[in-house]
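Novice: As a plain string of letters, each chain reads:
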Amino acid sequence: MIEKTNKKVVEENKNIKIVHDATCTFCGCVCDDMELHVDVDEKRIIKSKNACVLGRAWFAEHTIENAPAAMIDGKEVTIEEAIEEAAQTLVNAKFPITYGLSDTTSEAQRQAVAITDYIKGNIDTTTSVCHGPSGLAFQGVGESTSTLGEVKNRADLVIYWGGNPAESHPRHFGRYAVTPKGMFTPNGKKDRTVVLVDVRKTKSAGVADILITPKPGKDFEVLWALRALVKGVKLSSDIEKETGVPLEILTDLAKRMKECRFGVLFFGMGLTMTRGRHFNSGALLALATDLNEYTHFVAKPVRGHGNVTGADNVVAWQTGYPFGVNFSRGYPRFNPGEFTTVDTLSNGDADAALIVASDPGSNFPKKAIEHLKNIPVITLDTKTTDTTKLSHVAFKTSTYGINTSGTVYRMDDVSITLRPAFESPFPDDEKILKSIKKRVHELILKNSHSGGASGEAKVAAAVNPL
Amino acid sequence: MSNKMMLIPGRSSKQGTSLNQGKLKEEYQTVTSTLEMNKDDMEKMGLVDGDKVKLSNEIGETIVSCLGKKPEDLSEGMLFIPYGPPSSQLMASDTAGSGMPLSKHMMVEVEKVKN
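In order, the protein sequences belong to chains P and V. With the working numbering as the guide, the letters of the first sequence map in order to residues 1 to 466. With the working numbering as the guide, the letters of the second sequence map in order to residues 1 to 115.
Errors might be hidden in some of the hints.
For lysine-lysine, the following DSSO-like pairs were computed, each having C-alpha atoms within a straight-line distance of at most 27 Å [unchecked claim]:
1) K54(V) / K47(P)
2) K25(V) / K373(P)
3) K70(V) / K241(P)
4) K366(P) / K70(V)
5) K54(V) / K201(P)
6) K114(V) / K201(P)
7) K44(V) / K25(V)
8) K218(P) / K70(V)
9) K215(P) / K54(V)
10) K25(V) / K366(P)
11) K25(V) / K47(P)
12) K241(P) / K39(V)
13) K203(P) / K70(V)
14) K367(P) / K4(V)
15) K366(P) / K4(V)
Covered by chain V, per the in silico footprint, the following chain P stretches (three or more residues, Cβ under 8 Å) [to be verified]:
16) 34-41
17) 194-205
18) 256-267
19) 275-288
20) 361-367
Treat the hints as calculated values from the structure; they're not laboratory data. Every value quoted in this text rests on a predicted model; they were computed, and no experiment measured them. Ideal Cβ positions, reconstructed from N, Cα and C, are used throughout, including at glycine.
Could you put together the complete structure from these sequences and hints?
Specialist: Written as structure tokens, this is what we have:
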């Protein structure tokens, strides 16, 4: 009781601002029901009501750090000097790449696409090492989809496949898919059957009515067996030897899928990051499509970063393709495996990189990181990372959703406007990228008049500013 | 004796919260260097919680600390580690034309590191 009283006194002495309906941009759930208590004088969020464990850390740890806003080769410079150097670097490169973009606003993503178009570069997002294979599968198979609101209101069979939302998306269960009471699911969890399919027993197993653990690397076979069972094809009990899942379990699941009122398959990295990649995602999407002969069934990838879905949307509506896009011929070309960033780095193609809100220097394969160390890298990030440390030009930017407004897309493609909590002395990504774009444009025009090395195609782009 | 096991890097709550503090901070480094391992497998290799093991494959190697998990939570021959720089050391760069390197289900050799 004494502690509670003391806390109240301390809070009363602070200049507290409360932001209602703020949005957490840590993960793809993009929960927009936050109540943030902001210490205005200290410029920090001291309480984030409704946030999950990840959201609380996101809000608490993004404070104003005492660091330079811009650096060149580790030395503090003005933002203007850094913009000039970034623009020069990008314009003078033969194969510049742009990468990241999943933790910034769609307004900033748009600027990054425009820059890449001007410099005849290559643009890719963290989607390529996340649900990129699912993106390929969407193109091949199609997507039977819905919003998370429809899932909340209607779904009576919820299947999680190859993911662990309890740790990666903690509010997915409570806000969207498992426990919330919806229009046609008035009793919440009691009105739903929850199935978890994963090769290991994770913390998500706690919510599952049915837990299925296939052998590692056998997701495709399990999905294909389910497709057969849904279509009434008889299978041998040998399927258990192949997949680790008994035939009776598969038969029961197929029956539940056909008989449910509204089913949803949420799928994660367990499908896309393993052998089979887009074939795994494609098998799942095909299963969902098949099931629509019997009932209403949808499939949704569970997306990781706060605006990775926005990155797909913005790159797609500006170029026609969601990731792995190359502008070197003056028009966008899509070729995963060639224009995706692990490939452009590992193959040694890229000779300059613009990295926005991402850390490939830490989480990419060794060979890709080694190449990144050998080319000039420009980074925009809120924190110091392995990638900012190896950068030629590093901008420290403000945090989207905490210091900056803008638009993000939830994992079900619903767009949400951000309500910032407090101002940052650092510029936001959009502002920096706009300035780089402006200077890039000027340099390309200048080079075109002086017969510079940037080429005819760059001139063609420059005369039609975006 | 060969101890080939399957490594599954993935997300964890602690990795997520420590990520927000900063990837260069000690907590994140510790979380992403802690390998979850089947307790029976650890016993066979004479390992206890906190012991160091070397993970290696044809791509690279890394040294991490191990932490036992009950066999019902992590099967024999299976390893879990939160994504981070140590797991990246073992990831191949070939994407098989997809853009995605195989980032889970990596076969690795596990060796006890002598103190």
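Novice: Against each hint, give a clear statement of whether it holds in the structure.
Specialist: Results for each hint:
Distance check on the hinted pair: K54(V) and K47(P) sit about 41 Å apart at the alpha-carbon level, beyond 27 Å; violated. For a cut-off of 27 Å, the pair hint linking K25(V) to K373(P) stands: about 21 Å separates their Cα positions. Taken as a hint, the K70(V) and K241(P) pair is honoured in the structure, with Cα atoms around 24 Å apart against an allowance of 27 Å. The hinted pair formed by K366(P) and K70(V) fails the criterion: a straight-line CA distance of about 32 Å is larger than 27 Å.
Our distance criterion of 27 Å between C-alpha atoms is met by K54(V) and K201(P), whose separation comes to about 25 Å. Distance check on the hinted pair: K114(V) and K201(P) sit about 31 Å apart at the alpha-carbon level, beyond 27 Å; violated. The hinted pair formed by K44(V) and K25(V) fails the criterion: a straight-line CA distance of about 33 Å is larger than 27 Å. A distance of roughly 23 Å separates the Cα atoms of K218(P) and K70(V); the hinted pair therefore holds under the 27 Å criterion.
The suggested pairing of K215(P) with K54(V) holds, with an alpha-carbon distance near 25 Å, which does not exceed 27 Å. Pair hint K25(V) plus K366(P) holds up; C-alpha atoms about 21 Å apart against a cutoff of 27 Å. Note on K25(V) and K47(P): the hinted pairing holds, with a Cα-Cα distance of about 23 Å set against a maximum of 27 Å. Between the alpha carbons of K241(P) and K39(V) the distance comes to roughly 25 Å, so the proposed pair stays at or under 27 Å and holds.
About 13 Å separates the Cα atoms of K203(P) and K70(V), which keeps this hinted pair within 27 Å; it holds. Taking the CA atoms of K367(P) and K4(V), the gap is near 23 Å; set against the 27 Å cutoff, the hint holds. Annotation: proposed proximity of K366(P) to K4(V) holds, straight-line Cα distance about 21 Å (limit 27 Å). Closer than 8 Å: that is the beta-carbon criterion, and the region 34-41 of chain P has 0 residues meeting it against chain V, so the requirement of 3 is violated.
Against chain V, the region 194-205 of chain P contributes 4 residues with a C-beta closer than 8 Å to a partner C-beta. That satisfies the three-residue criterion, and the hint holds. Counting residues of the region 256-267 of chain P whose beta-carbon sits less than 8 Å from any beta-carbon of chain V gives 0, not enough to reach three: the coverage restraint is violated. Check on the region 275-288 of chain P: 3 of its residues sit with their Cβ under 8 Å from a Cβ of chain V, so the three-residue criterion for coverage holds. Here's how the region 361-367 of chain P fares: 6 of its residues keep a CB closer than 8 Å to some CB of chain V, so the rule of at least three is met and the hint holds.
Consistency with the previously given hints fails for numbers 1, 4, 6, 7, 16 and 18, ordered from lowest to highest.
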